[in-house]
Every structure is written in C-alpha cells, then in structure tokens.
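Asks: For reference, the chains in residue letters:
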Amino acid sequence: MREIRASAITETVARLCQEANYYLPEDVLEALKRARQEEESPRAQQVLDVILQNSQIAREKQIALCQDTGTTVIFLELGQDAHIVGGDLLEALTEGVRRGYKGGFLRNSMVRQPFSRRVNTGDNTPPVVHTEIVPGDRLKITVMPKGGGCENMSRMAILRPGDGKQGVMDFTLRTIEESGGNPCPPLIVGIGIGGSAEYVMYLAKKSLLRKVGEHNPDPEVAELEEELLSRINATGIGPQAWGGRTTALAVNIETFATHITALPVGVNLQCHSARLKTAVL
Amino acid sequence: MNRNKTVITPLSEEALAGLRAGDQVLLTGVIYTARDAAHRRIIEGVDRGEKPPIDLRGQTLYYVGPTPPRPGQVIGSAGPTTAYRMDSFTLRMLSLGVKATIGKGGRGKEVREAMVKHRAVYFGAIGGSGALLSGTIKRAEVVAYEDLGTEAIRRLEVVEFPVIVVNDIYGNDLLEQGKAEWRRDAPFKGAYSELPHNGG
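Protein chains in written order, with my numbering: chain E, 1 to 281; chain L, 1001 to 1200.
Just to be clear, a hint being listed does not mean it is correct.
[Said to hold, decoys possible] Below, simulated DSSO-like cross-link-like pairs (lysine-lysine); rule was C-alpha separation at most 30 Å, straight line:
no.	chain 1	residue 1	chain 2	residue 2
1	E	Lys61	E	Lys211
2	E	Lys61	L	Lys1138
3	L	Lys1051	L	Lys1117
4	L	Lys1138	L	Lys1005
5	L	Lys1005	L	Lys1109
6	E	Lys33	L	Lys1005
7	E	Lys33	E	Lys206
8	E	Lys61	E	Lys140
9	E	Lys206	E	Lys102
10	L	Lys1138	L	Lys1051
11	E	Lys61	L	Lys1005
12	E	Lys102	L	Lys1138
In case anyone wonders, no lab produced these hints; they're calculated from the structure.
Predicted model only: the values in this text are computed from it and were never measured.
The following block holds chain E by itself, in its conformation from the complex:
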C-alpha cells in the first residue's frame, strides 16, 4: 500500500488547471501546423495562423488561451494499491480547482441551480470527476478544462442495430453540420459507440484524452476514424465555419459492448483550444 497525500493532490490539480489553460498540448499544436500547411482556403489559413499566434501569446504572457476556461473535468486513474491520506479525495480535487483558478486568473464559469437562479459559485467549483480504479499504486490525474461552446454541441442517440456503421456516420456528420461554427472548429471529434445511455457519452469524452493522430488499436475502428475525418473535412465548414478544408483535426472513437436491441452513439466535440494536462502521483 502506497500513501498519497491529499495536499499533494490539491497542489497538482491547481498546477494542472493553470498549465492546461496557458499551454496548448504539443500534439494539438503540431496538428494545427500541419493543417495550416495543407489548408487551401486563404481565409482559413489566416484563422489557423491567428490560432497559432494566440497559443504563443498565451504561453509567453501566462494568459488563458481562451476566456472560457471551462468546466473543470477531472479524470482519475486510481491504483487499487494506493491509499489517500490526510484528507478527503473529492475535497482535495475541489480545493485544487479553487486555488488553480484564483491564482491563475482564470474565469469562474460554474453556476448553481442551473434551471433557475444560476448564481456563479465564484471559484469554478465543483469539478466534474470521473474515476477508474486500475491496477498499481499510482494516481494519474488529467485535467480537461472543457469550454461551453463545444460541449453544448454534444449529441447522443440510441440508434437501431440495423442502422449500423452508416447510421453512426450520418449521426456524426449531422452533428458536425448542425454545429457549424459554434464549437470553434477545427475540432477534435470524440465519439462513443456502444455501452449504455450514460456510458456512451463517457466514452465519447474519454476518447478526447487520446493524442491527436493516435488511432484506436482496433483496425476496423481506426478505419472508421479515418473515413469520418475525411468526410467531415469535405463538408467545407472550415475553421470558425468561414469555409475551408480543416473542419476537424482528428476523430477519436471508443467502443464498448452493447445490448442486443441497441446501437448507442455519443458525440462530444472538442474545440481547437483542446486543453488537457496530466500528472502522475
């Protein structure tokens, strides 16, 4: 049994919140640069240049890449042989978000009582936390500040088994078409297929943890990722939906077994400001 202090978790989360919001991940930067080289629309080229320039300014000035510093979504992989001491895990995470956002000059975007009063909680808490128990004695923490523009364009449907691959493709393309410029393309398109109603959306979000350019290990799924990416980039929507070839940088699909009656599909979009930062304790 290995001990992990709650205070270390808090410090780590605070740091990850800030780093995620200032530094665009390398794989995303590389994908944007590649897209800039391949883009044919002059206007889209300019948009990609601005996005790259913005990431430099954010890095140099330690200013948020985007004013929407998001709902703080935290993914934990907790080793079954780790023991958290000196405090409550959820409170440690929450305090980390509180400190990270305040100290990092990040925006507080969370409101309580969503359907009525919508009063800002004032410290961007609470985070949304997903925990998986895994072998080992480590704690892997990933912070994903998820912006509203792209999150609001999420879609889920339970298709009929007979709708098959074509149904999954049509549902995804429809989601992208109807979203237009709202989710801030170029996008990373996260897709879950299978499981149950709530699990398919979790899979869609979890797929966004994958690096841009990394495919699902299952060749059939990887092929669908490729096919969908080329179809999405044929829509002409382009960066900011002002026209162009670069509507998405990647399509990431995660699958799970499902019930004989169902074909659940979830789409969770990530904007080009695909903020993500991981640490292992």
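Chain L: place on chain E using the hints.
Replies: Below, chain L alone, put in the same frame as chain E:
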C-alpha cells in the same frame, strides 16, 4: 474582398453600408460587452418600463465574458462567445438601436432577417483567440451589472480589434458562402432524416 479595412465604432450609416460579408475589418473605438445574463437583465428591465443601463443606440455589442486581468493588465483573455445563445434577445436589442454585434458561430434566420431590416451587421471574431484579442483592448471599465462578474457590461476601448463581417445589411451570410465554396461532397449518404435527434 476588402482586407483589413479600419472602421471606427460606433459605426456610421456609411460605414455599415460599406461592409460586405467576408470583409476583414479592424475596429477602433468604443464597444460594449454583454452576454447571456446581461441580455436577460436589459430586456427584463425594459419590459418593466426601465431604460437600459447604457444608451444602446448605434452601439456595438461584444459577446464576451473575459478572464480576470493580472495586476497591471487592462483585461484578461477576451475572445468571443457563441452568438446563437443571444438570438432570442437580439431582435429586441436591434429595436433598441444596436447596430452591430460581435461573436462566434452563426445567427438564426430570424436574426439575419432582422439585421437587414434594422441595417445592422454581425461580426465574427475568432473563437479561441482571447489571449491575442486581449492586446487590442486598451481600456475596460464596468458600467453596469457589476454583480454579474465576468458577465457584467463593460465599456471597452479597442484599437484595431480584428473581425470579419459574417452578416451584412444586404442579407449576405459568410457561413453559407464559405461552405458553398469549399464543400467537396454531399454530407449524407444514409437515411439521415430518419435518425433520432435531440437538439438543434
């Protein structure tokens, strides 16, 4: 395509008439921030017979909720938020005299038609470029609804704030034009219309 034409805000009738969808424009002058909560509060006030907290006639509204500034900074990261969420208030805002709005994404049909009627424009700023746009904002001052925090109404003085005309006063729409120009194939091959759908 006009490139990087500088336009003074508030916009004159002549300036509005000279803008076409796709024009790249640098805005210099005064603009006001307002997003979801401020829109709701302005309209609820007007419904009770109150005056809006600022004179909206001729003004430009920027849909933004900035991050807090570091000490010595004018404003934090300050890029556009998604405009369609303001659509349900925009007809009223146009009636109150607003002549231009700045956001990201597209506008609904009703709003696009109302912009033609009211001779108003919608500018797109690049979503996710808040760190860069921050540098074009030279002064920022909360002028109403301070309790709304990031959603308060701020008066901004901007110098060469980069935008593109998405909707002009003639009914042109950059999003439609862009997609028509760059689309490579029909998007759907399957039974698209029969699929379940949970939003719009």
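Asks: Each hint needs a verdict: does it hold in this structure or not?
Replies: Verification of the hints:
no., hint, in the structure
1, E:Lys61 <-> E:Lys211, "25 Å, holds"
2, E:Lys61 <-> L:Lys1138, "16 Å, holds"
3, L:Lys1051 <-> L:Lys1117, "23 Å, holds"
4, L:Lys1138 <-> L:Lys1005, "20 Å, holds"
5, L:Lys1005 <-> L:Lys1109, "27 Å, holds"
6, E:Lys33 <-> L:Lys1005, "27 Å, holds"
7, E:Lys33 <-> E:Lys206, "25 Å, holds"
8, E:Lys61 <-> E:Lys140, "28 Å, holds"
9, E:Lys206 <-> E:Lys102, "27 Å, holds"
10, L:Lys1138 <-> L:Lys1051, "28 Å, holds"
11, E:Lys61 <-> L:Lys1005, "28 Å, holds"
12, E:Lys102 <-> L:Lys1138, "24 Å, holds"
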